[in-house]
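Full structure from sequences and hints, please.
Sequences listed follow chains B and D, in order. Residues in the first sequence are numbered consecutively from 1, following the numbering used here. Residues in the second sequence are numbered consecutively from 1, following the numbering used here.
In short, the hints are calculated from the structure, not lab data. No false leads were mixed into what you were given.
Looking from chain B toward chain D, a few residues come up when the C-beta cut is under 7 Å (computed):
1. E145
2. A161
3. L164
4. R169
5. L175
6. A176
7. L179
8. L182
9. A186
10. G190
Here a beta-carbon is modelled for each residue, glycine too, at the ideal position from N, C-alpha and C.
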Amino acid sequence: MSTVLSALLAVNWISWVIGLPLTYTIAAFLSGARAGRMLALPALVLSLLAAVGLSARVLAQGPQRHMVGGWGAPLGIELYADGLACLMLLMTAAIGLFTGWYARHYFARQDTGATYFWPLTGFLLGAMNALYLSADVFNLYVTLELLGLAAVGLVALTGGAAALAAALRYLLAALAGSLMYLLGVALLYGAHGTLALAELGARLVPGPLAWTVIALMTLGLALKTALFPLHFWLPPAHGGAATPVSALLSALVIKASFYLLLRLWFEVFAPAVTIPAAQLLGVLGAGAILWGSWLALCQQKVKMIVAYSTVAQIGYLFLLFPLAAYAPGVESAWYGGVYQAVSHAFAKAAMFLAVGSMVLAAGREDIDQLDGISARLPLSLFSFALAGISLMGLPPSGGFIAKWLLLKAALAGGQWWWVVVMILGGLLTAAYLFRVLRHAFLPARRGKRFRALPPALELSAFGLALGSLALGLWASGPLALLRVGAPFAGASP
Amino acid sequence: MSIGLIYAVTGALLFSLGLYGLIVHAHLIRKILAFNIMGSGTFLVLVGLAQRGGEVDPVPQALVLTGIVVAVSATAFALILARRLYAANGRCTLPGEGEA
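See the structure below:
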């Protein structure tokens with residue numbers, strides 16, 4: 001038994017984590033929608049196993065490094081996996097698996113967009129995994145672009161004028177963001193002659209050049225993460241896409257650019273960032289929380305409520321930066337921000353899938369057409385409510401742990417005003433979620449007909465909602481993984 | 001001012017010009033062209049800044065080649081989306097932005 005375990009630990013999981021989704025992509029593209037659908041679950045399960053294998057190895061042996069094809073930097077590509085990367089990989093694989101399960105049944109009933117959903121999803125997951133494992137700023141640029149192109153393709157799947165316009169707006173915003181990032185890469189290479197994250201961090205000196213780089217890269221990545229007031233492209237793209245696509249985009253894709261920003265701020269920019277710059281990101285985050293929640297409250301279409309809720313929840317991620325600017329709060333701010341990214345991913349994917357089932361059953365997207373849902377789709381509504389607990393930050397959920405860590409950081413650093421923002425945000429979140437619940441609990445109007453749904457559509461959303469709850473009940477596991485190779489070694493949350 | 005620095009400054013100007021065009025123009029083809037100008041500006045900075053030492057550095061050349069491949073694919077994708085949008089509703093602008 002122990003020999004099997006040690007043999008498994010010795011497998012080079014890094015290559016598998018990237019190679020499996022890409023192999024699946026090629027197979028699904030070449031053999032068509034039917035085969036893509038058949039192969040999806042095995043491929044997604046294998047990807048999850050590879051991510052688990054890599055995480056086990058990182059937990060046992062510390063951060064892992066891999067040179068692709070045996071070529072090291074500067075000409076070859078080096079991959080690097082620490083606890084943060086592993087947690088992101090696990091999140092991506094788990095949400096990919098449940099969303100894939102949902103999509104198998106969702107696209108069985110819809111003829112539009114099914115053909116390219118499977119290869120594009122494989123491509124999206126592969127690009128994301130490669131991004132989490134990249135250790136140099138240029139390879140990160142390439143993976144960012146691959147991810148952006150796959151995501152835009154998924155938005156355009158349904159092919160209507162609204163979907164095409166949303167996709168094009170998203171594409172132009174994403175491309176502008178990546179070019180700002182690339183200009184930052186050009187300046188960094190011109191000044192320091194290296195692309196590796198670790199070396200750049202050691203060579204960066206405060207000064208006008210460093211500040212220009214920080215401004216360019218942060219602006220570009222904030223645009224790609226849809227930080228307020230750069231969120232204009234997100235609601236039509238996320239709210240208008242096919243349901244499984246909405247879940248993948250809202251739960252995962254925006255986290256990739258946030259992850260990159262986090263790595264850059266803590267591992268490269270750290271010597272040069274100033275407190276006002278961090279405070280500015282926090283102010284934008286606070287704006288996102290309040291304005292996004294308010295707009296969510298004003299929406300008439302259910303999927304748009306959930307999309308604006310993403311704009312608001314992104315705000316919490318950016319509170320990490322000002323909270324980490326003062327030494328006493330830095331660790332809990334970092335852990336809290338990352339935990340918010342992961343728990344939001346589970347809750348938001350669950351919420352989009354549950355809402356998608358309700359819309360599919362009722363046949364309409366408007367909130368006042370949800371009457372009778374509580375009797376017809378109780379499990380979907382329950383999943384929606386469970387995910388809502390995490391978004392509001394109530395115990396026992398992942399969102400509670402995240403917001404509690406952020407609150408702890410705010411109090412430790414004496415920055416009470418962020419506490420006010422978080423509490424107001426929680427109240428607004430409760431308001432827009434209860435609005436949906438209220439309509440869903442109304443008795444069905446006379447003569448109202450529902451489409452029958454396969455149970456898998458409800459069960460997959462429920463699985464994700466349970467995941468968002470489990471993140472609150474068993475937080476010590478993910479936090480222990482996160483500690484491996486964290487920017488402050490030996491720290492505890 | 002060395003040649004490399006002239007390239008870099010020109011690149012930065014082109015980048016700003018492209019970004020300005022991407023924001024102010026409503027017509028989709030103009031937006032896509034503006035994105036390409038931004039890209040070319042970035043590539044000039046990448047090659048220009050790295051040549052300051054006098055000798056040729058192969059790494060930025062390789063990066064720019066990769067960057068060009070990415071930019072060409074992104075442009076092709078944007079163009080096909082714009083054509084599909086035009087076929088669907090007869091407009092060359094995004095909704096909410098004025099007819100150009």
